[in-house]
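Chemist: Chain residues, written in single-letter form:
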Amino acid sequence: MSTVLSRRAISLRRPAAPGVILAALVLAVLALAVVAPGLFTPIDPLAASASGSLQPPSSAHLFGTDQSGRDVFARVVYGARYSLAVGVGASAIALLAGLIIGVLSGLAHPAVDSVVNRAVTIAMSFPEFLLALVVIAIVGPGQLSLVVALSIAAAPAYARVARSQTFVVKRAGYVTSARSLGVSAPLIVLRHIVPNTLGPLAVMATIGVGTAIVSAAGLSFLGLGPAAPAPEWGVILSEGRNLLDRAPWITLFPGLVITVTVVSISVVGRYLQSRSTR
Amino acid sequence: MTLTPQHRGRRAAIAVVRALGGVIIAVWGAATVGFFALKAIPGDPVDVMLGVHAQVSESVKDQIREDWGLTEPLVVQYLSYLARLVRGDLGTSYQLREPVASVLTAQLPATLSLAGLAILIALVLSLTGALVIRRPWARSLASAAELVLVSSPTFWVGLMLITVFSFNLGWFPVAGSGDFRALVLPAVTLALPLTGIISQVLRQGLDAASGQPFVLTARARGLDHTQLITRHTLRHAAADSVTLTGYLVGSLVGGAVLIETVFGRAGIGRVALRAIIDRDLPVVLGVIVLGALTFAVINLLVDLAYTRLDPRQRLIEGTA
Chain A
17 MSTVLSRRAI SLRRPAAPGV ILAALVLAVL ALAVVAPGLF TPIDPLAASA SGSLQPPSSA
77 HLFGTDQSGR DVFARVVYGA RYSLAVGVGA SAIALLAGLI IGVLSGLAHP AVDSVVNRAV
137 TIAMSFPEFL LALVVIAIVG PGQLSLVVAL SIAAAPAYAR VARSQTFVVK RAGYVTSARS
197 LGVSAPLIVL RHIVPNTLGP LAVMATIGVG TAIVSAAGLS FLGLGPAAPA PEWGVILSEG
257 RNLLDRAPWI TLFPGLVITV TVVSISVVGR YLQSRSTR
Chain B
263 MTLTPQHRGR RAAIAVVRAL GGVIIAVWGA ATVGFFALKA IPGDPVDVML GVHAQVSESV
323 KDQIREDWGL TEPLVVQYLS YLARLVRGDL GTSYQLREPV ASVLTAQLPA TLSLAGLAIL
383 IALVLSLTGA LVIRRPWARS LASAAELVLV SSPTFWVGLM LITVFSFNLG WFPVAGSGDF
443 RALVLPAVTL ALPLTGIISQ VLRQGLDAAS GQPFVLTARA RGLDHTQLIT RHTLRHAAAD
503 SVTLTGYLVG SLVGGAVLIE TVFGRAGIGR VALRAIIDRD LPVVLGVIVL GALTFAVINL
563 LVDLAYTRLD PRQRLIEGTA
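So the sequences go chain by chain: A and B. Counting in the working numbering, the first sequence runs from 17 upward without gaps. Counting in the working numbering, the second sequence runs from 263 upward without gaps.
Just so you know, these hints were derived from the structure itself, not from any lab. No residue lacks a Cβ here, since even glycine has one placed at the ideal position from N, Cα and C. Check the hints yourself; a few may be wrong.
[Stated by the list, open to error] Interface residues of chain B toward chain A, partial, derived using beta-carbon atoms under 10 Å:
{"hint": "1", "residue": "A288"}
{"hint": "2", "residue": "G291"}
{"hint": "3", "residue": "I303"}
{"hint": "4", "residue": "A406"}
{"hint": "5", "residue": "V412"}
{"hint": "6", "residue": "S413"}
{"hint": "7", "residue": "P415"}
{"hint": "8", "residue": "F417"}
{"hint": "9", "residue": "W418"}
{"hint": "10", "residue": "V419"}
{"hint": "11", "residue": "T425"}
{"hint": "12", "residue": "F429"}
{"hint": "13", "residue": "W433"}
{"hint": "14", "residue": "L520"}
{"hint": "15", "residue": "A534"}
{"hint": "16", "residue": "L555"}
[To be verified] Every beta carbon over 12 Å from chain B, so not counted as near; a handful from chain A, in silico:
{"hint": "17", "residue": "I37"}
{"hint": "18", "residue": "V45"}
{"hint": "19", "residue": "F56"}
{"hint": "20", "residue": "S69"}
{"hint": "21", "residue": "V104"}
{"hint": "22", "residue": "A194"}
{"hint": "23", "residue": "T275"}
Let the hints inform the model, and build the full structure from the sequences given.
Modeler: Printed below as a string of structure tokens:
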């Protein structure tokens with residue numbers, strides 16, 4: 017992050033590449049699936065039918081059906097809700113926690129700051145998935161644990177950026193002027209430091225949502241996330257795991273959807289990043 | 263300033279002591295945080311050992327607690343854990359009733375061979391890519407491929423490889439940890455995201471290095487593209503990639519949990535997952551400690567490799 021990011025920096029001056037527009041469209045469709053899954057399919061994702069089990073993809077069942085005869089397309093569409101909620105929720109909590117830790121650390125006494133910074137550096141040297149696994153080892157499996165674990169795992173990176181951003185802002189001319197005008201310290205933090213730190217963190221969080229979705233799918237595939245009938249993407253993958261020889265579509269499509277989702281998020285995130293740093 | 267051999271020897275000795283100190287502190291820190299975090303969670307270890315539905319009287323449970331030293335004050339338990347840790351004793355598994363250290367060492371070869379082969383494949387792929395890919399269209403194709411490799415869930419890629427190469431083509435066994443053929447698909451799966459990350463960093467490093475003065479000098483001496491890369495810029499770029507190693511080792515360990523499950527292989531990852539689900543806390547703590555030890559040692563090696571790879575680092579040290 018080179019300089020302080022103002023909201024104006026993310027203006028729509030340069031035209032976006034076609035790939036970026038496509039990625040944004042994909043994300044818009046996903047958002048629609050979260051808000052109104054019924055628009056995409058009239059089928060209930062939990063409705064089992066003994067006669068229609070393990071049907072290959074067809075016009076009636078776009079992604080085929082699973083062992084209980086449930087429609088895989090409907091499960092994937094309704095699953096967007098779980099996976100995106102975990103991804104967005106974990107990133108938002110991590111952003112908030114990182115912001116608080118980073119800003120306070122950046123303003124604290126150098127001795128406190130150096131201890132916090134050391135801890136953040138150590139935590140950052142672990143990949144998120146591993147850190148999340150350790151947290152789940154401690155708090156136990158479940159949907160909520162997933163969000164907690166992934167946000168704890170991601171928070172150190174946000175704290176690192178928030179801290180360095182705070183260092184830049186606290187020496188800026190307008191902060192010095194505000195202080196000489198007698199503006200109270202908490203007000204300076206809220207009015208100047210937090211808004212100027214949020215920009216870069218928001219860009220990070222965009223890309224972080226993708227990482228969190230992949231990690232969440234992995235953790236629920238291992239049985240550490242939401243319980244089985246839920247149409248969460250990782251759960252669907254684990255259900256299809258033992259049917260690869262007979263019904264590979266149960267596994268193929270949810271994985272493709274995860275990949276397309278995460279690639280789209282990365283493309284949009286990198287685009288925002290390139291805009292905010294130049 | 264020139265250094266006498268004695269100076270150099272003393273400096274090396276100090277560096278070794280400092281490095282070992284770093285390793286010890288890392289392991290101690292992980293053991294301490296892990297110990298207290300696991301003690302803080304609700305749940306009775308005795309229920310884990312016996313199963314929640316076991317019909318056992320309170321007095322028998324008390325006896326078990328006594329035997330396992332769970333009635334001692336927390337500080338005493340912590341200190342005796344540390345005392346045993348120093349001797350390489352990681353405690354006893356609640357479920358398996360075996361020493362944690364021997365449970366883990368029994369699984370180590372399987373995980374190490376998987377991780378080792380994966381690193382080898384990833385290095386070969388990304389280095390080949392760095393040498394071969396030069397044209398702009400090839401570069402954008404490569405960066406798109408890297409994005410997909412890094413973005414797709416590794417375990418899903420593994421499941422797809424099983425579908426194609428085991429079920430459809432029958433080239434490799436579906437699951438198991440027997441011979442070398444059983445190792446190929448898991449190692450390739452684990453290597454793919456690593457390849458994505460390494461080649462991204464390597465290419466950025468190569469680009470940055472190509473602007474360095476020594477590149478111009480080398481070109482003036484008449485080196486061609488391949489010679490330039492293999493003799494100079496690759497070494498420069500590798501210094502950046504090597505600092506990533508700690509991170510990569512971590513993703514190997516995390517990836518191993520998923521890959522070992524997908525391919526039904528034995529290994530540390532499987533044991534760790536079983537222990538997490540069964541709440542077998544001594545094993546969980548053992549894995550945390552082993553992980554910290556691995557990380558600390560790898561980081562130490564990385565620091566050493568860094569000074570060897572980039573000659574300028576040695577120069578800075580010499581003048582300091």
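Chemist: Hint by hint, note whether the structure agrees.
Modeler: Hints and how they fare:
Annotation: interface hint on B/A288 holds; nearest CB of chain A at approximately 8 Å, less than 10 Å. Taken as an interface hint, B/G291 checks out: its beta carbon lies about 8 Å from the nearest beta carbon of chain A, inside 10 Å. Interface hint status for B/I303: upheld, as the beta-carbon distance to the closest one in chain A is roughly 6 Å, under 10 Å. Nearest Cβ of chain A to the Cβ of B/A406: about 9 Å, under the 10 Å cut. The hint holds.
Hint status for B/V412 relative to chain A: holds, with the closest Cβ pair at about 8 Å, below 10 Å. The restraint placing B/S413 at the interface with chain A holds, with a minimum CB-CB distance near 4 Å, inside the 10 Å limit. Of the supplied interface hints, the one on B/P415 holds, with its beta-carbon coming within about 5 Å of a beta-carbon of chain A, less than 10 Å. Annotation: interface hint on B/F417 holds; nearest CB of chain A at approximately 6 Å, less than 10 Å.
A cut of 10 Å between beta carbons decides the hint on B/W418: the least distance to chain A is about 4 Å, and the hint holds. The closest approach between the C-beta of B/V419 and any C-beta of chain A is roughly 8 Å, which is under the 10 Å cut-off, so the hint is satisfied. Interface hint at B/T425: satisfied, since its Cβ lies 5 Å from the closest Cβ of chain A, which is below the 10 Å cut-off. For B/F429, the shortest C-beta to C-beta distance to chain A is roughly 5 Å, which falls under 10 Å, so the interface hint holds.
The beta carbon of B/W433 comes no nearer than 15 Å to any beta carbon in chain A, farther than 10 Å, and the hint placing it at the interface is violated. For B/L520, the interface hint holds, the least distance from its beta-carbon to any beta-carbon of chain A being 5 Å, beneath 10 Å. The closest approach between the C-beta of B/A534 and any C-beta of chain A is roughly 8 Å, which is under the 10 Å cut-off, so the hint is satisfied. A cut of 10 Å between beta carbons decides the hint on B/L555: the least distance to chain A is about 14 Å, and the hint is violated.
Every CB of chain B lies more than 12 Å from the CB of A/I37, the least distance being 16 Å, so the non-interface label holds. No Cβ of chain B approaches the Cβ of A/V45 within 12 Å, the least distance being about 17 Å, so the stated non-interface status holds. Every beta carbon of chain B lies more than 12 Å from that of A/F56, the smallest distance being close to 22 Å; the non-interface claim holds. Look at A/S69: its CB is around 19 Å from the nearest CB on chain B, clear of 12 Å, so calling it non-interface holds up.
No beta-carbon of chain B comes within 12 Å of the beta-carbon of A/V104; the shortest separation is about 17 Å. Non-interface call for A/A194 relative to chain B: holds, since the shortest CB-CB distance, roughly 39 Å, exceeds 12 Å. Chain B draws A/T275 into its interface by the beta-carbon criterion, the shortest separation being 4 Å against a cut-off of 12 Å.
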